[in-house]
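J.: Below, each chain spelled out in residue letters.
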Amino acid sequence: MTLNVWQERLDSHFAQVHEQRRTPVTTHSALYALEHGLSADEVDQLKADVLDWVKNSGPSRRHFSVWAVYSAEVGYQYSGEEYWATFGALTPNWQDCNSNRDHIRDCFREFHRKYGAAKPYGPWADHFRIICWPITHAILPQDLQRELAYVLYELRGSFTPALLRDSELLGRRIEDASWNSRARFRQFAEHHLLVGQIATALLLTEDDKDKALILPTTLNRIARDLDKNQRSREWLGDARKRANQVRIRGLSHTTGESQFEAVSATGAVLSPRHREVLELGIEPDVFLERTGPDSWSTRLHLPSLAPLVQRFPRLRDVIANQRCVVTGAKGGPLPRGYLLYGTQTVTLSRWPSSDEVLLKFDNFDSELAYLLTMECLLRPGPTWLFKIGPDGATATHIKTGIVQPGTDYILTARSGTHLPHSTLNSSGATVDCEGICAIRLTVPDVITKIFQEQLNNLSISTSSEIRVAPVGVPARNWDDSGTAEWLSTDTPLIRISATFEIEGIILNLVGPTSNKLELNRSTPWPLLVNLERLDPGVYNLHVLVSRPQNPAPTFGRLQFTIREPKRWTGSFPTATPFSANISPAAPTMEDLWEEKAAVELSGPPDRKAEGSLAFYRNSKNIYEHSFGPLDLPCSPGHWLEHWQAITANKSVENAYDASSECELTISCEELGTFRVRAIRDPKPVRWVVKQKNSGYFLKLELLDEQVQLALGRYSFRSPVEFAQLRENAFCEFRVSEDGGLFAATADQFRDAVIIPPAIHSFKWLAAEVKMPQMPRSEGSLGEIVSALEIWCRARAVGSQFAVDRKSAAIKALESELVRLVCGDEWLRHEESSRNSSLAFSDLKNFISASLKHSSLSRDISIKQESLRSSSVEELIDSLDWLARSHLDLPVFSTARDHGVSRQKWLTEFVYRLFLSPQHIRKWASNDFVPAVGYVLKNSVLVRLVRVVYLISQMPQLNDVQCKAATI
Amino acid sequence: MKIISTAEATSLTVATLGFDPSYADLQTPEALAALIRKVAACYCPCTAESLTATVNGLLAPLTVTEREVVRDAIDQVVAYGDLAEIRETGSAKSLIYLASPSFVRTADRRFLLFGVVPDGEDPTPPELRSVVEFVMYSRRLQAGDGDSTEQALLEAGFARLKPESWLKCPPTIPARYFVSKYDEALLNAGNPGTPEDVTLIEPSRPVQYYSGRWAKLKRQTGRFVARRSQAFGAPLWSYLEAKEGVVTRLLDFPFNENHWRACDEAWHLQQARDSVAGQPQRFRIRPGVQKNTFVMDIFSPIPAWATRRWESVGARTLASSSLISFVFPVEQLDSECEFANQRMWLERG
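So the sequence lines, in the order shown, correspond to chains A and B. In case it helps, my numbering puts the first sequence at residues 1 to 967. In case it helps, my numbering puts the second sequence at residues 1 to 349.
By construction, these hints were calculated from the structure, which means they are not laboratory data. Keep in mind that a hint or two might mislead.
Stated by the list, open to error - As a list, the in silico BS3-like pairs of lysine-lysine whose alpha-carbon atoms are at most 30 angstroms apart:
(1) B:Lys93 / A:Lys608
(2) B:Lys2 / A:Lys516
(3) A:Lys330 / B:Lys93
It should be emphasised that the depicted structure is a prediction, and the values quoted were computed from it without experimental measurement.
I would like the entire structure built from these sequences, with the hints used as guidance.
T.: In structure tokens:
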């Protein structure tokens, strides 16, 4: 068939689909080239006819529909980043030049104009201005299908009729839930409506497919391809099952959502928001661990915040990318993303106050702070009760404060006055945690009235004479005192017993599925109750028992949560003796490569782990490198040593440059496997480095549009000086022996690599940087910041020498930055304190020579200890207080904002200038230039911030993990 | 929500664990092992005592199951490899963890499956679930096509264990050398303090009745494999020397065989000591119910590495007048008798 005939046929088809979608007029009328309605054989024929055409001629605009369909078909098969490579491989005789690439875009534009076809949008479409068209029109490329299935599976617990009805909303939820997915899927998920439409369509039953917003044949094709992968099929199957249940339930409710009143463990009615947060199960769990016959340490289980991120996706950036301080915990802040991998346990050295949120992230986020205040606090005292387990090794927190006869407890309180001095059955106990004291309480089998009164004085009550316990099937959580959790796949069975004669009993189950049972005395006792399968949500089972000749009934209540089971993916060991943490949680290839990702492995010391690093290009494994054995446990510092040995391997380095994706696997046999897949941060411009013939070769790849680039080289000796590159970067060229930083810059993108010098003698080993002293001006400071942006983000390749050169350049630039903003003399003092000729504590005396600032040094000394363990937010508060209390600063205001908050913003600007100068321009946005001007005129403030910054970095100076993050 | 009888609750529990209530109850080893795995999925890492208490608490209203039976079943599930018992660093306390889903390919089309996942869902690929056979504490898979089954398991996230690593055993050495290593170490052991609640295996008592060999430390003199209580946590396994009921030297396990549990090393040492004392532990061979099979009955506990070996070449079966029994194909008779004799100094009785 000629392309003219194909064009005619496709025109007629798309015109018809376009017409159908226009009536009735809806906002969901976009059309995709993949909706061509052709059978598999016809698609093959169209491809063959296109290939025939290309043999003799270039693409022609009059065949725009044919080219749109052909390019979308290539997009459907492609994975990774190199669309044009795939296109070229599938299209022999294709001339890969600028005009032909532009032609494809023109075809899609015409397709969009004529049939209202989908137009790509979002940041990714801004970067990849041509390939965004065929990939968008491929709807759901095959390599993203598995991820969509997984995200739908993860989301199934939060399906509601309203969500399933609203594609845009469902799309938003999918984007929220894809925080841990690969970058390409996250970009795809930015198209809320499209992704929501596809998801809705995939969740529909066969009968409902006619209602789909995508052509049923296309939808069936995607679903069929998805079903080819066993795990995707399982995930999607479970998600569909759940969607079906929800849809049926939704139909039976006129309002669409079930309404019920939920109450907290303390009996208070919960707001819908609070209920939502409660269902996420993110309350930290404090417990005691025995360290000696009568001594205990205080431990805190921190829940995974992944459910919080799924539910409130906006928080993803903070939780995944900010360090977090645990209030009262030993040690420094937790690494970035640490709370996204299962439950973590920390030791408390100080008992937090009742209003202190237990988790504090570096950057204050009001929504996160609000949500954390709901569930992330210790329960208010004055006493906290812990039940000693049957093994005597741990004691769990009893939130309800109810004790049971014949059981031992540890009772803690902020002060001894809240603990009994002469209670019967109590003995001494010590808890290694500042701010609390403890006793051991032995509750006798028979509780006397006196003992009962003493307990009441301590705000402790004894369990009612009604006892509830799970039977047969275990509850996922059970605290023996009125709170529990089961999985939605379980059939909860409970046993209700009483120590007295029963007249009648009412069981009232209140929750998403409600039920009531009234029983008389003829019911055999104790009761075995089958709660049956329940929908996810928070439930309260109220038990009301009447006794003969007793008008006052006895009440009891069991509050429990039903949640969906968490799917095991095999990628992350949980509850196994081997465990791993990686920070950030979803690293890119660059994060791994540039040692920005900190890896920590735990496991029994007599076991060893083994690893492999596999590289992929267009989903094909191109190289695999095995390493190990690794001794366990493996600290971030040790990991870095292993990692440097791995990346120093020439074959690994070449494979890195040739690949678009890699998978790091660390396995400890049956004790668990840790697997993380990292994708290259998609950039349309990229340097490809190859090591061969004892030298380095560079080549620039343009992955999409062929734009105008500035190509240059920075030398190691003078890291601010830029020299134009004379070589043709699009052809592989050999790098001269002195190496350097090679940068390619377009309007919006930059890629930079650092090639190490060839080392011919010991003299060359030293990384010598000659930094010219720049005049103290806004221009100089801007230049230093620009150079730092380039050097910090550049990838060091080849050998450790490249890393050393990079560090040396950054150090020299930072030093020059300090000199510019703090002054020459200050820099000399700082250097003296670094080489110990000046005590660090004396540095603060040089902040200002003025007598009126003399008390500043004293106040810094007082705050020094707390500054070391403060989050950024707390540091800024302290700095703001110090500046306002001691310095008489001129007002900083910009045209759009004035006042006290701007002054605090300025203080934060200075702090961030030292913390991460490579990000400061982006952070300050339009206020960068005025802020720099202010900084240069107010060096006392700058020196104050500098001292506090140095103090805050002190505990981490030896922490390789943080070093890795800073390099 | 409805009220049900004890029988209904039992049936429902058995069905939830994946068994047919008409053929199995909560005393059936396979169902008990499944319940242990499910409880572990909810509460691990935790101590063995805590796990035992939780399982007992769930069973108590439905059936009479001795605490020791549950505790022993947990040991068997650990020995098989579904759970892992790991000693805390710098502490005598051991915790039970989940083992990650993994498999060993014991023959071209035969697999043993291990591991438990946190919420207790079955990680086995759905199309293979129907061919998984539960035999006592083990899960076995007889595949139609070994390679595609292996691929399906790998895709589902199971780890492939190397048979040589999974079946790793201590080296073969004569019993007297084995004992001498421990005797020497005991001679160099420091002050034992005053261990409390010591129970020990009386070497002189008949080897055919394991629980009958245990006695409290009273006025005995000699060297013994023993258990002693600790302030909190499970009793420790030890090798000790006593004079007139007073402990003079003491060595806690694991000592040499760190790869395995403390009890494995203690049982192994007892096997060697019994052999050296001229009273070797014994095994009995009898024909199996199925044609061309034989059953090996053992009368004392065996280390986990021996259990693994015999699970891979045979299968555990209900014990008959013995402590543990395995069934093997008849062609394995010589090699397994040799294994028992060479590695554990057991003699055919």
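J.: Please verify whether Lys93 (chain B) and Lys608 (chain A) have alpha carbons no more than 30 angstroms apart.
T.: Cα-Cα ~21 angstroms, so holds.
J.: Under the criterion that the straight-line Cα-Cα distance not exceed 30 angstroms, is the pair Lys2 (chain B), Lys516 (chain A) satisfied?
T.: Given pair Lys2 (chain B), Lys516 (chain A) holds - Cα atoms ~9 angstroms apart, limit 30 angstroms.
J.: Need the status of pair Lys330 (chain A), Lys93 (chain B): alpha-carbon distance at most 30 angstroms?
T.: holds (23 angstroms)
In summary, the structure agrees with every hint in the numbered list given earlier.
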